[in-house]
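> For the record, the sequence lines run as chains A and B. Going letter by letter, the first sequence gives residues 1 to 218 in the numbering used here. Going letter by letter, the second sequence gives residues 1 to 401 in the numbering used here.
Misleading hints may appear alongside valid ones.
As the list claims (entries may be wrong) - Cut-off 20 Å, straight-line C-alpha distance, at most; resulting in silico cross-link-like pairs (EDC-like, lysine to aspartate or glutamate): (1) K325(B) / D255(B); (2) K87(B) / E91(A); (3) K51(B) / E91(A).
Hint data in this document are derived by calculation from the structure and do not stem from the laboratory. Only a predicted model underlies this, so the values are computations on that prediction, with no experimental measurement involved.
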Amino acid sequence: MASTQVTCRSAAIACLLAVLGAAAPRGDVPHVLARPDGAILIRLPASPLTGDRVKTQLRSGLTTAFVLLTKGRDSEDHERKLGARVEIRYELWDENYIVAVIDGTGRRESRTIDSYAHLVDWWSHAPILLGAPSPLRQSGAVAVTLEMVPFSPEEEADTQRWLAHSLNTSSSRAASGQGAASPQPSEGLLDIIIGTAIHRQAILSFHWDVRVEASPPK
Amino acid sequence: MKTRTISLILAVVVTLTGFAWFFRQLSFVSVGLAANSEVQAALRRSLSDQKSLARSDPSHAAVYRQRFEEVRLLLTRMEILSLTGRKLTSALEGTLLALVALVIASGSIIYLIEHRRREQRLVQLRESLMALSRGEPVASPLGKRRDLIGRISLMIESTSNAIDRDRRRMRSLEHLSSWQEAARRHAHEIRTPLTAARMEVARLLSWAGQQLPAEQAALASAQASIFEELERLRAFTTAFTSFAMLSPPRLVPLDLARFLEDFAGTFASAWPGLRLESQQGGGRCEVMMDANLMRQLLVNLANNSAQASDGRTGLLRLRAWREGKQVLADVADDGPGIPASVRDRLFEPYTTTRQIGEGMGLGLSICKKIMLDHGGDLDLVSSERGATFRLTFPAGDELRG
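Next up, chain A with everything else stripped away, as it sits in the complex (with noise of 0.2 Å):
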């Protein structure tokens, strides 16, 4: 019934793989979940977590950022999209993971993580709010793709404005000969081609099918 793929552009096994609809076990697979008081919640399986390409991308200091997204029908059949954020970023000095899940209802939580064991406990336990009340038919059909996006908004603005400075003031330096930067025609060009290129987009992603299970009340 439920089929895990999972894309990587660098990772050419995990690509053959999922080309050839290698099976996965059973339980990795994401549960969607629909309670009795109408809320539906997901919770994730542990292998996106678990690869080795993730492993590195949490431990670099950066905050990686999940985005799931759920695509099921309703009642009278028409699409329905659900959608939910975790942002993980691994403190370099503290040695802890904070995150921040941000549910299909907008609320946003914080908590922090001492180790990447408790982490990959949390992630694979930790139910996610998708939507209240489910929009979703009950035992409906529903697609989640969760991307990995290496690093923040903030983070891409701040590499984009350092990138930006440091070119502009050597080639001012360059042009000058001393020190004072002063705006050059090709300054306009390079913010242009770094915020093309300095640009977040997600570097892996997981897709599954799966069915919307009746959740076991609180």
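Place chain B on chain A using the hints.
Frame of chain A, contents of chain B only:
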């Protein structure tokens, strides 16, 4: 498609490919340096060091923390650069490639337009040369552009003008030469019977004196009258002869301005009622000329001016100046000028504005011949008042090379 166009396209493609390859190597190096794993490892070690220092020296923990944050920020940026480096490189490559392509394309378009224009101008140039070969006058057909084709065009125009000028000179020379030959024959035909007639008249009057002693006075008067008329005929043939036997010039380098100044001084009182004035011109006025012939020319012109002034006080201005490869001189009077009816044939022999018997009309023809023999020319130029004759000489230094 022409070979030239194919070559151009090939050159553009090779240039772009070469540039792309070169820049790819360059950008890989630069981005690789920015996202170098060893740099990142060093930064991570620095983070670890700051933490260790903070632990071993808690009193300065805040300082180490601040340094840690600075390095962490740098590391963050490096991480992002390493994640987006390839895209950044591609964007830079693409932009620079587009710019280079734009420059090359613009250059190629300009080249092609210029090439087409050049081809059109070459066609015009060829037509000019054809016209020149047919002996037709050529005006510069290619505007005022000073490129190679423009300069060639100007040279063709200049050559055409020179050929035209020489042709006119040759026509004038041939025309005057035929008149000279006619004058020489007339002089000869008149002079021979004139001499015989003079001798026969003398013999006849001598015989008559012996036969009629009482008529000596009447015979002497008749003799004087006949000899006077014969003398007029002799003077007539002498004028013919001087025109017909005009000697070729013996050219020596002389400063024309100085020569005119000397002439004005020497002949200052030669013509009562005509004042000579020499004016300063400009530039070097060295020409190759025969001073005697030139003096004869100036005397002829001054004679004409003096006779045209009709008893009034007149002024004759002499001025020489350099103009390009020529030396020009104006001889201008303030008299009544040349009547329009004779201007077209002014330099033809026997053209005169005087009464019959007052002149042969050979003076200006002789002047023209003298100037043509100098490789120059003599023309009447328009002026507000009086008559102005322009003498044109090739510059002396140009003749000597």
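> Is it true that the CA of K51(B) sits at most 20 Å from the CA of E91(A)?
The hint holds at about 12 Å.
> Starting from K325(B), check that the Cα of D255(B) is at most 20 Å away, please.
This hinted pair holds, its Cα atoms lying about 15 Å apart.
> Could you grab the alpha-carbon distance between K87(B) and E91(A) and see if it respects the 20 Å cut-off?
28 Å, violated
Comparing the model with each earlier hint shows a violation of hint 2 alone; every other hint is respected.
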